[in-house]
Amino acid sequence: MANVFVWAEHFNGKLVQASREALGLGSTLGDVTALVFGKGMDEVVKEAFAYGAKRVIKADDATLADFRAEPYTALLSKVVKDNNPDFVLAAATVRGREVMGGASADLDAGILSDVTDLKVEGGKLVATRAVYSGKVISTEAYIGSGPQFATIRNRAFKALAPDTSRSGEVSSVAPVLSEDQIATKQVSFEESVGQVNLSDAAIIVSGGRGVGGPDGFKPVRELAAVLGGAVGASRATVDAGWIPYAHQVGQTGKVVSPDLYIACGISGAIQHQAGMRTSKTIVAINKDGEAPIFKLARYGVVHDLFEFLPELTKAFKERLGK
Amino acid sequence: MHVVVVTKSTPDTAAKVTVDASGKPTWTEAMVINPWDEYAVTEAVLLKEVHKGQATILTVGTEEHSEALKQGLAIGLDQAARVWDDALVGADSLLYAKAVAAAIQKVGNADLVIFGKEFADLGSDVHVYQVARKLGYAVLGSVSKILEIDFAGKTIKVERMLEQGKQIVTSKLPAVIAVLKDINEPKYPSFIGIRKAAKAEIPVWSLADLGLDAGTRQTQVSAYTNPPKIEGEVEIIEGASAAEKAAKLADKLIEAKVI
Ligand SMILES: Cc1cc2nc3c(=O)[nH]c(=O)nc-3n(C[C@H](O)[C@H](O)[C@H](O)COP(=O)(O)OP(=O)(O)OC[C@H]3O[C@@H](n4cnc5c(N)ncnc54)[C@H](O)[C@@H]3O)c2cc1C
Ligand SMILES: Nc1ncnc2c1ncn2[C@@H]1O[C@H](COP(=O)(O)O)[C@@H](O)[C@H]1O
Chain A
1 MANVFVWAEH
11 FNGKLVQASR
21 EALGLGSTLG
31 DVTALVFGKG
41 MDEVVKEAFA
51 YGAKRVIKAD
61 DATLADFRAE
71 PYTALLSKVV
81 KDNNPDFVLA
91 AATVRGREVM
101 GGASADLDAG
111 ILSDVTDLKV
121 EGGKLVATRA
131 VYSGKVISTE
141 AYIGSGPQFA
151 TIRNRAFKAL
161 APDTSRSGEV
171 SSVAPVLSED
181 QIATKQVSFE
191 ESVGQVNLSD
201 AAIIVSGGRG
211 VGGPDGFKPV
221 RELAAVLGGA
231 VGASRATVDA
241 GWIPYAHQVG
251 QTGKVVSPDL
261 YIACGISGAI
271 QHQAGMRTSK
281 TIVAINKDGE
291 APIFKLARYG
301 VVHDLFEFLP
311 ELTKAFKERL
321 GK
Chain B
323 MHVVVVTKST
333 PDTAAKVTVD
343 ASGKPTWTEA
353 MVINPWDEYA
363 VTEAVLLKEV
373 HKGQATILTV
383 GTEEHSEALK
393 QGLAIGLDQA
403 ARVWDDALVG
413 ADSLLYAKAV
423 AAAIQKVGNA
433 DLVIFGKEFA
443 DLGSDVHVYQ
453 VARKLGYAVL
463 GSVSKILEID
473 FAGKTIKVER
483 MLEQGKQIVT
493 SKLPAVIAVL
503 KDINEPKYPS
513 FIGIRKAAKA
523 EIPVWSLADL
533 GLDAGTRQTQ
543 VSAYTNPPKI
553 EGEVEIIEGA
563 SAAEKAAKLA
573 DKLIEAKVI
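Those sequence lines, one after another, are chains A and B. Every letter in the first sequence is one number past the one before it in the working numbering, and letter 223, counting from 1, is 223. Counting the second sequence from 1 gives a position; the working numbering is that position plus 322.
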């Protein structure tokens, strides 16, 4: 059995969804040890077992309370060096990229980053990832020696169904850096409330220039709310100041792969496609039947979105009993 | 103040890129500066304007990457250097990052290293974090705003966009940051800037010049392939009214277990 380490990312005392997916992937590759760094980690440790870890290595310390790349990276490097696992996995989130990229450099290890498929061939990781804005698929393989690092794209792999009856051995490690050795300090964290995280969302309803103005996002939000989805946007609407950048999907925004992507009033420019073309099912709503977005879509509706979206929201309300 | 920007040339994001018969990604359009680096270069120019310092732009790559350097110079950076060596063909991110870190050290006295969020062609940003560790600098990715920077006092305060919200962080300098599109409005070169950049002498450093050897590779690209065509044709939902189309679409999505 391969020895798989998964750096378990958490926020507000819960594992982030992408980390549950990393634990799920890890479990298909071998026996998983979850690495849980933070302060007050009992609930996160329980969750790590529930999502597939056989063992947990935990560091519980005030210097690890807020996420900071330096103390987390230094600790990950040390734990990997001391234990020499076969594979080290984490989600390709902002934090995951920093910590995994950093530790791979500390150990002169290679890293396959932001992968959408991962296999083991002859003991080496082989991954596929999207390059050139999703226009080309790259197959990349580990050829070196020592622990093999990989970060995984959100929603590309499945989390296991959580089983709270599972538990295992927990060992503790001490942090590597003391507070005065750490150059960074978190001043504050302003959580975006009431919004579904775009990268984790199973359903995304996006608005483009066709929504006409800031108020035009209202029917988009209403549909997203009924479906329990997140709201996305094209760059045109973000540049116009109709919606914050955090919602932008595409080449210079977020890359998403939800189960369902509903594009409303979006033409489907290649840079927008770069962020959403790997969605499982795409629905396009556009009054111009010639819009390029219809080339990507599974279902298309050629209609004015202001007339159509309220009807679609109503239809789902009736069918989903909301 | 000395700010270093790291860049490369990429095909224009609108370019049609396909894998040819020999297995290489190809396109016919001209290369441009990596789109994310427009924000990095602009931020360096804005810092220069306020703090009256120096800014350098670097690349690791073949001659075509000089175009990105010239773009940076034309927008207002002071000097450029390029690293290239045949031993870098097919480099993995680790070797690439070592070369970048060594070049930054050769230029010397960097207070702040700015990267664009990622390289748009390879979709990669891992080198950013690797470079920071090789330099021993703090790293802050996903920066949407520089709130304060004090080059004399060697501190920076930034806003970062994480998945769950905004983090405000301070760091000591030198530091490495990777910037998002939110950070500024990109500046474009002036005619005079372009003329000046065209005449600039850009040194080329080999791995030996940086005191590096190629070492062993940890990862390699084994194949590039064109993505599978999206299955089937779009099904246009027809109907006499918006309500009728909406009912049909909702039924289809529920039936197909999409919802
Ligand atoms: C370097 C670079 C990076 C970029 N990055 C991104 C990125 O990350 N994300 C991104 O989205 N774009 C990006 N772009 C911009 C991209 O090229 C397009 O300009 C942008 O996606 C267009 O947005 P849109 O589809 O909302 O607007 P438009 O192209 O103007 O399309 C609006 C659509 O709405 C339809 N419409 C209008 N009114 C209605 C109505 N009442 N009902 C129904 N339909 C209606 C129209 O028929 C049209 O098809 C980038 C561009 C560059 C150069
Ligand atoms: N992010 C990166 N990670 C690894 N190697 C890179 C990266 N960016 C550029 N390179 C390498 O740098 C050289 C120049 O890039 P290119 O000309 O685009 O092929 C090539 O050897 C690339 O493989």
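Everything labelled a hint here was simulated from the structure, so no lab data went into it. Every residue gets a Cβ at the ideal spot worked out from N, C-alpha and C, and that includes glycine. Mixed in with the good hints there might be a few duds.
[To be verified] Straight-line C-alpha distance at most 27 Å; calculated DSSO-like pairs for lysine-lysine:
no., chain 1, residue 1, chain 2, residue 2
1, B, Lys467, B, Lys374
2, B, Lys551, B, Lys518
3, A, Lys124, B, Lys346
4, A, Lys280, B, Lys467
5, B, Lys374, A, Lys295
6, A, Lys317, A, Lys287
7, A, Lys39, A, Lys185
8, B, Lys579, A, Lys39
9, A, Lys280, B, Lys551
10, A, Lys295, B, Lys494
[What the hints assert, rightly or not] What the simulated footprint calls covered on chain A by chain B, stretch by stretch (three residues with Cβ under 8 Å from a Cβ of chain B suffice, anywhere in the stretch; the number is not a length):
no., region
11, 43-57
12, 106-118
Discussion item. Can you confirm whether the C-alpha distance between Lys280/A and Lys467/B stays at or below 27 Å?
Written reply: violated, 34 Å
Worksheet item: Taking only the CA atoms, is the gap from Lys39/A to Lys185/A under or equal to 27 Å?
Response: holds, 16 Å
Item to complete: For the pair supplied as a hint, Lys467/B and Lys374/B, confirm whether the alpha-carbon distance does not exceed 27 Å.
Response: Holds, at about 20 Å.
Discussion item. Lys551/B and Lys518/B were given as a pair; does the straight-line alpha-carbon distance stay at or below 27 Å?
Written reply: With a Cα-Cα distance of about 46 Å, the restraint between Lys551/B and Lys518/B is violated, given a limit of 27 Å.
Worksheet item: Hey, Lys374/B versus Lys295/A, does the alpha-carbon distance stay inside 27 Å?
Response: violated, 50 Å
Worksheet item: According to a criterion of three or more residues whose C-beta lies within less than 8 Å of a C-beta of chain B, is the region 43-57 of chain A covered?
Response: Our answer is that it is violated, as 0 residues pass the Cβ test (under 8 Å) against chain B, missing three.
Worksheet entry | Coverage assertion for the region 106-118 of chain A with respect to chain B, Cβ distance below 8 Å, three residues required | Since three or more residues must qualify, the claim that chain B covers the region 106-118 of chain A holds, with 8 doing so at under 8 Å.
Worksheet item: Are the Cα atoms of Lys124/A and Lys346/B separated by 27 Å or less?
Response: It holds: about 24 Å lies between the C-alpha atoms, which stays within 27 Å.
Worksheet item: Given the hinted pair Lys579/B and Lys39/A, is their alpha-carbon gap at most 27 Å?
Response: violated, 41 Å
Fill in: Straight-line alpha-carbon gap Lys317/A to Lys287/A, limit 27 Å
holds, 24 Å
Worksheet item: Quick one, are Lys295/A and Lys494/B close enough, alpha carbons at most 27 Å?
Response: violated, 49 Å
Worksheet item: Between Lys280/A and Lys551/B, does the CA-CA distance stay at or below 27 Å?
Response: Since the Cα atoms of Lys280/A and Lys551/B sit roughly 13 Å apart, the hinted pair holds (cutoff 27 Å).
Checked against the numbered hints given earlier, this structure breaks hints 2, 4, 5, 8, 10 and 11; the rest are met.
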